[in-house]
Amino acid sequence: MNERKFDSTPEIQILEIERDSIKFKLSNVDTSFANALRRIMIAEVPTMAIDLVEFEVNTSILNDEFLAHRLGLIPLTSSSVDEFRYTRDCDCELDDPCGKCSVILNLDVWNKSSGDQSMDRNAKTDAETQLVTSDHLKSADPRVTPVHSMDDDQDDTSHKILIAKLGPDQRLKFKAIAKKGFGQEHAKWSPVCVATYRFVPKIKISYQSPNSEKTQSAYSKIVDSCPARVFKMNQDRIEIENEDRCFFCEECTKKANELDAGINIAIESEPNTFVFSVESTGALKPTEIVLSALRILKEKLRAIHGRLPEDNDLIR
Amino acid sequence: MIRLPEHTVNLPEPFESFLLPEGTKKITIEPDERTPNSVTCIIEKETHTIGNLLRMKLLEDPNVLFAGYKVPHPLEHKVVLRVQTQNSDPTTAIKQSLDSLIKDCDLLEKQFKEKTKHDL
Ligand code: SF4
Ligand SMILES: [Zn+2]
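If you're matching them up, the sequences are chains G and F in order.
Residues in the first sequence are numbered consecutively from 1, following the numbering used here.
Residues in the second sequence are numbered consecutively from 317, following the numbering used here.
One should not assume that every hint holds.
[Claimed, not checked] Quick list of in silico lysine to any residue cross-link-like pairs, SDA-like style, CA-CA up to 25 Å:
# : chain 1 : residue 1 : chain 2 : residue 2
1 : F       : K431      : G       : K165
2 : G       : K165      : G       : Q184
3 : G       : K5        : F       : H389
4 : F       : K426      : G       : I17
5 : G       : K25       : G       : S225
[Claimed, not checked] Just the calculated beta-carbon pair ranges, DEER-fashion:
# : chain 1 : residue 1 : chain 2 : residue 2 : range
6 : F       : P388      : G       : S277      : 32 to 40 Å
7 : F       : F382      : G       : E83       : 38 to 46 Å
8 : G       : K202      : F       : K411      : 32 to 40 Å
9 : F       : T324      : G       : H69       : 18 to 26 Å
These aren't lab readings, by the way, just hints derived from the structure by calculation.
Built from N, CA and C at the ideal position, the CB exists for glycine as well.
Start from the sequences, fold in the hints, and give me the full structure.
Right, dumping it as structure tokens:
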């Protein structure tokens, strides 16, 4: 383990930003910091999600609780989550939530197709089944809507989230109330699908004996032993082609030792450096998630700092 | 909203892990009677996130002789941090560590904003 200095300067380097994912390199911090950031992104970054559902009509084959759970898991656009309060901090009544802490989404879908009443199963076609999707949820607040509608201009149902399928004459009508929360309370509020970090590999190859026929065949065996295809042969040497792909399985090291061909491969990781990959559910932009996590971490630390007793209170 | 009568279930409320009940202190500090310059610091409603972060930062401080933490039980949502220093007030050491971490967060936030300003 590398000794870190108390006041070394951390660094962030963006590797890749997509619409719903980000990769960045965090260096010069301790593992505990990387881990804190990861844990906060998963469990403590607030978003909006459906929390209460009042069913008026449900003649579908799915029961209320089941549907409510499905609804909770639909990501809602939460970029304005900071403008909302937690219901527990709000001064409205619990059974009458206000617009400062919650958003109401209504849905009413009635499959009016009468259906073929004959008992002939083959006469019933799929066309009678109606899909209820997240697109049917009508939000009272444009800031908080189901995520798919962000960039969907074509009428493609595959982008929408399926809630239920209604048979002939079945109906679904309810009022859903979305609230602010974070992943620690329930995973539906977590803004990330994936938030992980990995170490940056450093591969060192040292040759101890001169080239020969024997070493040549051993080298190509070592190259083939790597499941991530990190190496390639370059004339009579092993070349590192895709260092980033290495996942520390040590197969190459084992092979090199086993073949005893005068070659040594050491797999190390760059000290205090982490490559994060964060994938958003769509509720927040990936950059918003990282920023929010950094802010929350800072706030937590500040809160602890502020509540510590004054210096020398304890020295007696 | 349907709620079961309280006595029928002993499932802990989901908010118990982060909501500080009214009248509870976030931090309690107990000086150790037997060893000099050492305290046990109990931080309510925090997890390994803060516990481990703070411990590792304290260990980077050359003035800190001992820093360790535990989460006593998975259903007790608190972190117990023990710090012993060479010759100063351990709470000052904790504060310095917090300051250093806050500085790191600030710096990273600035860097991140600067480097992603075109994508935000
Ligand atoms: S450790 Fe595994 S993945 Fe990495 S280079 Fe060796 S064989 Fe390939
Ligand atoms: Zn309210």
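Any hints from earlier that this structure breaks? Give me their numbers in increasing order, please. 1, 2, 3, 5
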